[in-house]
Amino acid sequence: MTVIGNKKGFYAMPASISVIVGIIFAFIIYKGSIDDKFNSLIKGCGDNNIIIMCLIFLLAGAFGSVTEKIGGVDSTVNLGLRLIPSSFIVPGMFLIACFVCLAIGTSMGTIATIGPICITLAAKTGISPALLLGALLGGAMFGNNMSIIADTGIAITRILDVPIKEKFKVNIRTTGLAVIGTVILYFIFGNTGSTTLTDVGGYNLIKILPYIAVLVISLLGVNVFVVLTMGIILAGGIGIFYGDFNVLGFTSSIQSGFLNMFDVLIFSLLIGGLANMVKESGGIEWINLKLRKIIVGQKSAQFVSMLLPGTVDAALANDTVTCVVTGPIVKDISDDYKIDRKKSASLMHTTVCVLQSILPYGAQILLATSLTSGKVSPIAIMPYLWYGFLALGFAIISIFIPSRKRSKNTVNEKTLTKNVENKLQTTLE
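Numbering (numbering that gives the first Met the number 0), first residue to last: 0 to 428.
Since the hints were made in silico from the structure, they are not lab data.
A quick note: this is a predicted structure, and the numbers were derived from the prediction, not measured.
From the three backbone atoms N, C-alpha and C, an ideal C-beta is built for every residue, glycine too.
Do not take every clue at face value.
[Said to hold, decoys possible] Simulated restraints on C-beta separations:
1. VAL221 / ILE171: 31 to 39 angstroms
2. ILE265 / PHE26: 34 to 42 angstroms
3. ALA314 / LYS168: 28 to 36 angstroms
4. GLY373 / ILE400: 38 to 46 angstroms
5. SER255 / SER32: 40 to 48 angstroms
6. ALA313 / ILE19: 20 to 28 angstroms
7. PRO401 / ILE50: 34 to 42 angstroms
8. PHE257 / ILE19: 17 to 25 angstroms
9. ILE27 / THR228: 41 to 49 angstroms
[Unchecked claim] When the alpha-carbon atoms are kept at most 25 angstroms apart in a straight line, the in silico SDA-like pairs for lysine to any residue are as follows:
10. LYS164 / PRO401
11. LYS42 / ASP262
12. LYS298 / GLU279
13. LYS337 / ILE395
14. LYS36 / ILE50
15. LYS289 / PHE24
16. LYS123 / ALA111
17. LYS168 / GLN297
18. LYS298 / TYR360
19. LYS42 / ALA25
20. LYS42 / LEU57
21. LYS278 / ALA111
22. LYS298 / SER280
23. LYS168 / PHE302
24. LYS292 / ILE265
25. LYS164 / ILE398
26. LYS337 / LEU306
27. LYS30 / VAL20
28. LYS278 / ASP331
29. LYS42 / ILE22
30. LYS278 / ASP160
31. LYS298 / LYS123
32. LYS168 / VAL225
33. LYS36 / GLU279
34. LYS30 / ILE41
35. LYS374 / LEU54
36. LYS42 / PRO327
37. LYS42 / GLU67
38. LYS30 / GLY281
39. LYS289 / LEU315
40. LYS278 / ILE27
All chains, full assembly: derive it from the sequences and hints.
This is the structure:
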């Protein structure tokens, strides 16, 4: 699409329609009756993990919609801007983006919210807009990677069957180091001297509470459904108290959040069905068998857990789609080579989140550059995406650091290899 002049490129065709095309091809090329194929499709759509994931998507959408309606996003951004020292603007914008995306769970929403502020700051202070937008994108990468309500995180942890708080704990060991390194770099190369921020809007600490509550409660190990429901109720109560909406307005905001997640929900159902058709026809086992030829041990298996989703995301430029499509394969690799699934989830998620924001044709960087009216190109921003480069670097280094615990989610390697080969042979016959 980009070649023929469509600026949206990968995003011109809805993802769900692409999956439907794949399903049609699956019905054509796979063996068996139409009824058997249809039953396989429905079985995949109704898989427990897929349904749970869809319900979490709905609650996350509702939480994001209600908190935005009460002004939680604006309060968070404005509070951060007021706390930024005059010589700390660039690293400060990075940290604000980190927290905002961590709270709202969407890199696109973070960029759309903070992006215009970055452009204004660049005009007033003389700081390179590419540098500020690079800091913004870096913060969005971190937040999307670490947020417990981000659709990518939800998808990965459900598919790999990993508690999201456990994935968070493993992930923060590498992303935390990347954040520290990034702040230092932005402070050194983005120091603006005595520049003063002006025209910063007001904030309300109470309206930031739902974000903090959701983050803290989730890290305590409370069920994600309970966490998000509590967050929605708390945000709704605050909104009603401050007159941002009445009870009917509260329910309308919830409904709006549900509708915002419609595309990803439908896609998840359809891709679940298609994935099951591929699995039952031996496709997943075939991929696993091919991957074994380049995997010689745990370290190379972990590299593949980064390389596979990274390659798919580079091709699709869609992080959520990548997670849903490659998640089952990464899970199988983790079990076969006795890798802690939490570690695999961390490696996979870091790779996808970073690449999605680095790709010059990715939605995140295209949105950021669109705010400059064409004055800044994606290529101009890429040299300033220091968080992404550091996060990938620390993730790779972590592969060479032994885990404290060996994974319990393991199966005998020889048995699994034999099962894969037998099923592949059956499929080929």
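Structure-based check of all given hints:
1. VAL221 / ILE171: 31 to 39 angstroms: Once the Cβ atoms are compared, 18 angstroms apart, the range 31 to 39 angstroms for ILE171 and VAL221 is violated.
2. ILE265 / PHE26: 34 to 42 angstroms: violated, 19 angstroms
3. ALA314 / LYS168: 28 to 36 angstroms: holds, 31 angstroms
4. GLY373 / ILE400: 38 to 46 angstroms: holds, 44 angstroms
5. SER255 / SER32: 40 to 48 angstroms: At roughly 42 angstroms between Cβ atoms, SER32 and SER255 fall inside 40 to 48 angstroms, so the hint holds.
6. ALA313 / ILE19: 20 to 28 angstroms: Cβ of ALA313 to Cβ of ILE19: about 23 angstroms, so the range 20 to 28 angstroms holds.
7. PRO401 / ILE50: 34 to 42 angstroms: holds, 36 angstroms
8. PHE257 / ILE19: 17 to 25 angstroms: holds, 22 angstroms
9. ILE27 / THR228: 41 to 49 angstroms: holds, 43 angstroms
10. LYS164 / PRO401: Holds, at about 20 angstroms.
11. LYS42 / ASP262: holds, 20 angstroms
12. LYS298 / GLU279: With Cα atoms ~29 angstroms apart, LYS298 and GLU279 exceed 25 angstroms; violated.
13. LYS337 / ILE395: Judged against 25 angstroms, a Cα distance of about 18 angstroms means the pair holds.
14. LYS36 / ILE50: holds, 20 angstroms
15. LYS289 / PHE24: It holds: about 22 angstroms lies between the C-alpha atoms, which stays within 25 angstroms.
16. LYS123 / ALA111: Holds, because 20 angstroms separates the two Cα atoms, which is no more than 25 angstroms.
17. LYS168 / GLN297: Satisfied, since the Cα-Cα distance of roughly 21 angstroms is no more than 25 angstroms.
18. LYS298 / TYR360: violated, 31 angstroms
19. LYS42 / ALA25: holds, 15 angstroms
20. LYS42 / LEU57: holds, 21 angstroms
21. LYS278 / ALA111: This hinted pair is violated, its Cα atoms lying about 38 angstroms apart.
22. LYS298 / SER280: Cα-Cα ~29 angstroms, so violated.
23. LYS168 / PHE302: holds, 20 angstroms
24. LYS292 / ILE265: At roughly 35 angstroms apart (the allowed maximum being 25 angstroms), ILE265 and LYS292 break the hint.
25. LYS164 / ILE398: It holds: about 20 angstroms lies between the C-alpha atoms, which stays within 25 angstroms.
26. LYS337 / LEU306: holds, 18 angstroms
27. LYS30 / VAL20: holds, 18 angstroms
28. LYS278 / ASP331: With a Cα-Cα distance of about 12 angstroms, the restraint between LYS278 and ASP331 holds, given a limit of 25 angstroms.
29. LYS42 / ILE22: holds, 14 angstroms
30. LYS278 / ASP160: Holds, at about 18 angstroms.
31. LYS298 / LYS123: violated, 48 angstroms
32. LYS168 / VAL225: Distance ~20 angstroms between LYS168 and VAL225 Cα, so the pair holds.
33. LYS36 / GLU279: holds, 9 angstroms
34. LYS30 / ILE41: holds, 17 angstroms
35. LYS374 / LEU54: violated, 41 angstroms
36. LYS42 / PRO327: holds, 16 angstroms
37. LYS42 / GLU67: violated, 36 angstroms
38. LYS30 / GLY281: Distance of about 11 angstroms is within 25 angstroms: holds.
39. LYS289 / LEU315: At roughly 21 angstroms apart (the allowed maximum being 25 angstroms), LEU315 and LYS289 satisfy the hint.
40. LYS278 / ILE27: holds, 16 angstroms
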